[in-house]
Amino acid sequence: MKKIILLFIAIILVSCSSSPRTEVAGNVDLDNLQPLPTPEGYEAVPLRVAIAAVISPKGTLESYSPFLKYLETKLNRPVELIQRRTYLEINDLIERGEVDVAFVCTSAYVQGHDTFGMELLVAPQVNGETTYNSMLIVPADSTAQSMADLRGKVFAFTDPISLSGRVYPTYVVQQLGFTPEEFFARTFFTYSHDEAIRAVASRVADGAAVDSLVFEFALARDPSLKDKVRVIHTSPDFGIPPVVVSPFTRPQVKAELESLLLNMVDDPAAQEALSAVEIDRFVLIDDSAYDGVRALVSDIPIPETP
Amino acid sequence: MIFQKLIQRFWDLAGAVSIRTKILGIVLGLVVLFGVVVTIQARYALTATMTAQLEEQSASISRDLAARSTDPILLNDLLRLHDLLDETLANNPNVRYAFLVDSRGQVIANTFQGGFPLDLLSLNPVQPNEHHHTVLIQTDEGLVWDTAVPILDGKIGTARIGLSDASVRAAVSTLTVQFLITIALVSAAGILVAVFLTWILTRPILSLANATQAVAKGDFSPRVKRWANDEIGDLADAFNIMTEELARTDELRREREALRRQLLEKVITTQEDERRRIARELHDSTSQNLTSLIVGLRIMETHCAQCAAKAKASDLRQVASHTLDEVHDLSMRLRPRVLDDLGLAAALERLVSEWQARYKIPVDVVIQLSERLPGEIETAIYRIVQEALTNIARHAQAHSASILVERRGDIVRVIVEDNGIGFNINTNQEERHLGLLGMRERAELLNGTLTVESAPEHGTSIFIEIPLNPSLPMREGPGRRAEPVEAVREKPHDSPCACPPR
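Heads up: the sequence lines are chains A and P, in that order. Position 26, counted from 1, in the first sequence is what the numbering used here calls 26; the numbers after and before it change by one each time, with no gaps. Position 475, counted from 1, in the second sequence is what the numbering used here calls 781; the numbers after and before it change by one each time, with no gaps.
Hints listed in this document are in silico derivations from the structure and should not be mistaken for laboratory results.
So the derived list for chain P, only partly shown, Cβ under 10 Å to chain A, looks like this:
id: 1; residue: Leu381
id: 2; residue: Phe418
id: 3; residue: Gly421
id: 4; residue: Leu424
id: 5; residue: Asp425
id: 6; residue: Thr445
id: 7; residue: Asp446
id: 8; residue: Asp452
Below, computed lysine-lysine pairings styled on BS3-like, alpha-carbon distance capped at 25 Å:
id: 9; chain 1: A; residue 1: Lys74; chain 2: A; residue 2: Lys254
id: 10; chain 1: P; residue 1: Lys461; chain 2: A; residue 2: Lys58
id: 11; chain 1: A; residue 1: Lys58; chain 2: A; residue 2: Lys69
id: 12; chain 1: P; residue 1: Lys461; chain 2: A; residue 2: Lys69
Note that CB positions come from ideal geometry on N, CA and C, so glycine has one too.
With the hints as constraints, model all of the structure from the sequences given.
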């Protein structure tokens with residue numbers, strides 16, 4: 001009788017210790033906390049490339065990866081991609097010399113050039129032009145025909161200092177005799193152009209102004225957008241967002257980069273990198289190309305902080 | 307072989323316990339077996355289901371974390387990353403830890419406070435093209451499901467989540483405790499049911515057993531109640547019928563026995579009376595006649611002068627004298643007058659002295675009787691001793707014998723012993739058996755007992771006890787008669803009687 005009772009107890013005890021189905025990969029003492037090791041430095045000093053959030057950080061990484069890879073190969077040094085939420089943060093990094101080269105927005109260049117001496121390196125040429133526009137978009141089924149029809153609606157800005165995304169539409173609203181706060185029921189910032197397109201396509205916003213280059217790029221990638229959004233207004237031509245260097249960038253680096261970028265068009269190995277960002281080639285450009293923008297920006301106050 | 311031994315062991319166990327224990331064993335055994343099996347099954351199923359859920363949850367939470375941390379990592383928004391990890395930890399109680407590793411393997415953000423368990427980093431390597439990779443990690447706090455999800459195909463890093471199985475263990479423990487409590491409660495109910503069942507089942511059986519014991523003791527009065535209309539009820543009916551039949555048979559047997567005893571008594575009494583009458587006739591009439599004849603012959607002898615007639619008369623007188631002796635002897639053996647006139651002691655002493663004279667075997671006789679006994683008892687004892695002495699002379703080949711007759715309170719005890727060849731009591735020797743039977747019948751007619759102890763080469767002892775008050779039964783009932791003891795008495799040391807030493 002005792003043996004039977006012992007057998008039962010054994011069965012119960014065995015069943016109490018549930019056995020794991022999968023093999024254990026290893027043992028870790030979760031309370032044994034140690035300081036994290038200091039990151040090992042790069043073998044060579046990396047080239048720090050900042051790209052303003054014209055499109056979302058993820059989209060930027062995907063589009064610019066071949067380009068950065070090309071730079072890495074050609075310069076034979078690591079390239080570090082630096083992204084920030086706003087254009088102003090990128091401008092701050094350039095001003096403090098924490099990046100070597102940057103893709104910035106037109107108005108960010110104008111502001112950077114005029115306040116701390118941001119230097120033009122080259123400008124991309126897209127579809128044979130070195131200009132771009134701001135496009136006013138609404139949902140495809142919207143009845144709005146112009147900015148005037150968007151009164152009392154929800155409007156999506158991209159970045160506080162974006163020319164195409166905020167400065168120009170604000171200018172248009174001002175021409176109608178309002179401030180954006182008075183004119184729209186509500187406004188918000190998406191901090192990138194592709195997000196602004198998404199906001200309109202999904203009717204979160206009744207309208208938005210976006211970079212024509214980004215819009216075309218987005219259309220090319222997702223043709224169904226044509227059924228979701230409609231362009232109701234296109235701005236005059238503005239100087240294209242340039243490639244700039246920090247005032248702290250060494251002249252040799254600047255010269256090396258300039259030559260590399262200008263010669264990309266002739267390098268078969270660079271074609272994939274160029275087509276990924278939809279750029280024909282890089283060309284030299286004079287600061288005067290941005291004078292029109294400069295005049296527009298001077299009328300529109302740019303907030304120091306978003 | 308082992309199986310057979312097990313079965314034998316089981317039967318030994320099952321056979322050794324009462325019906326109550328058997329029923330309890332069946333009920334409790336079934337309840338506990340069922341409960342344990344169900345508990346094990348439920349634990350297994352619950353553990354499997356919850357573990358699968360945990361694994362799934364681990365994958366989904368880390369996928370979510372990876373998706374939400376993409377932009378903050380790209381934008382170097384460390385504060386947002388910390389918020390994300392804290393939210394993940396706060397919203398999912400199962401999450402033990404979460405951390406983010408960049409593409410170079412550096413920890414960008416983690417939920418550990420004031421350090422990091424560095425061993426954890428290398429434990430779950432994930433390929434950039436994998437959806438997610440989950441491994442099981444043994445930690446000091448139990449098992450942890452660790453899932454790694456590459457962020458943007460591993461280009462910018464990896465999100466790692468650890469889900470503790472504490473909730474699974476807690477749920478399984480709670481379930482087990484609940485099941486065990488249920489088993490205990492059901493077992494308690496089972497015990498009550500078993501006790502009730504046992505009562506229902508054993509009540510008629512016990513009453514049957516009690517009634518059977520009463521019947522075995524000769525009491526045919528108890529009747530068993532028919533408790534239920536089942537097999538045991540049928541048995542009870544059959545038992546009652548049997549008891550009635552037994553009672554009737556017993557009554558008949560008793561009547562016959564009484565009749566037989568009456569008859570025997572009458573036969574013995576008649577025999578004694580007849581012997582006494584014949585003895586008296588022989589003594590009073592035949593002896594007198596013979597004496598007269600002898601006297602006549604003597605006178606004739608004296609007065610007859612003729613030698614031939616004188617010699618003839620002398621011969622005749624001698625024949626008559628011899629015949630007178632034989633008549634005396636016959637009368638004596640038929641019924642010694644001394645038994646009626648002087649009592650048992652004198653009669654026995656005379657019997658023994660004649661027996662010694664005839665067989666040349668010394669006999670010690672001790673008779674301790676302060677007064678005369680009732681006539682039928684004296685006769686019975688006399689006849690029994692007579693028969694015993696005849697047996698000794700015929701069969702025992704003894705060198706000596708002893709006879710003790712004493713009165714102890716209301717009991718007369720007689721012991722006849724010899725140091726002869728003895729015999730095996732169990733073997734049936736027709737002649738001796740009949741002799742013993744006759745002695746026993748005489749003792750029992752007076753409500754007495756007769757016991758024989760003997761063994762080959764160890765002599766024979768016959769014990770007789772007869773109550774003086776015949777209405778009182780003997781202390782030692784028929785049991786002693788039923789089982790004759792085969793034993794050797796170390797004479798005279800442990801003999802219950804005061805036998806004189808030889």
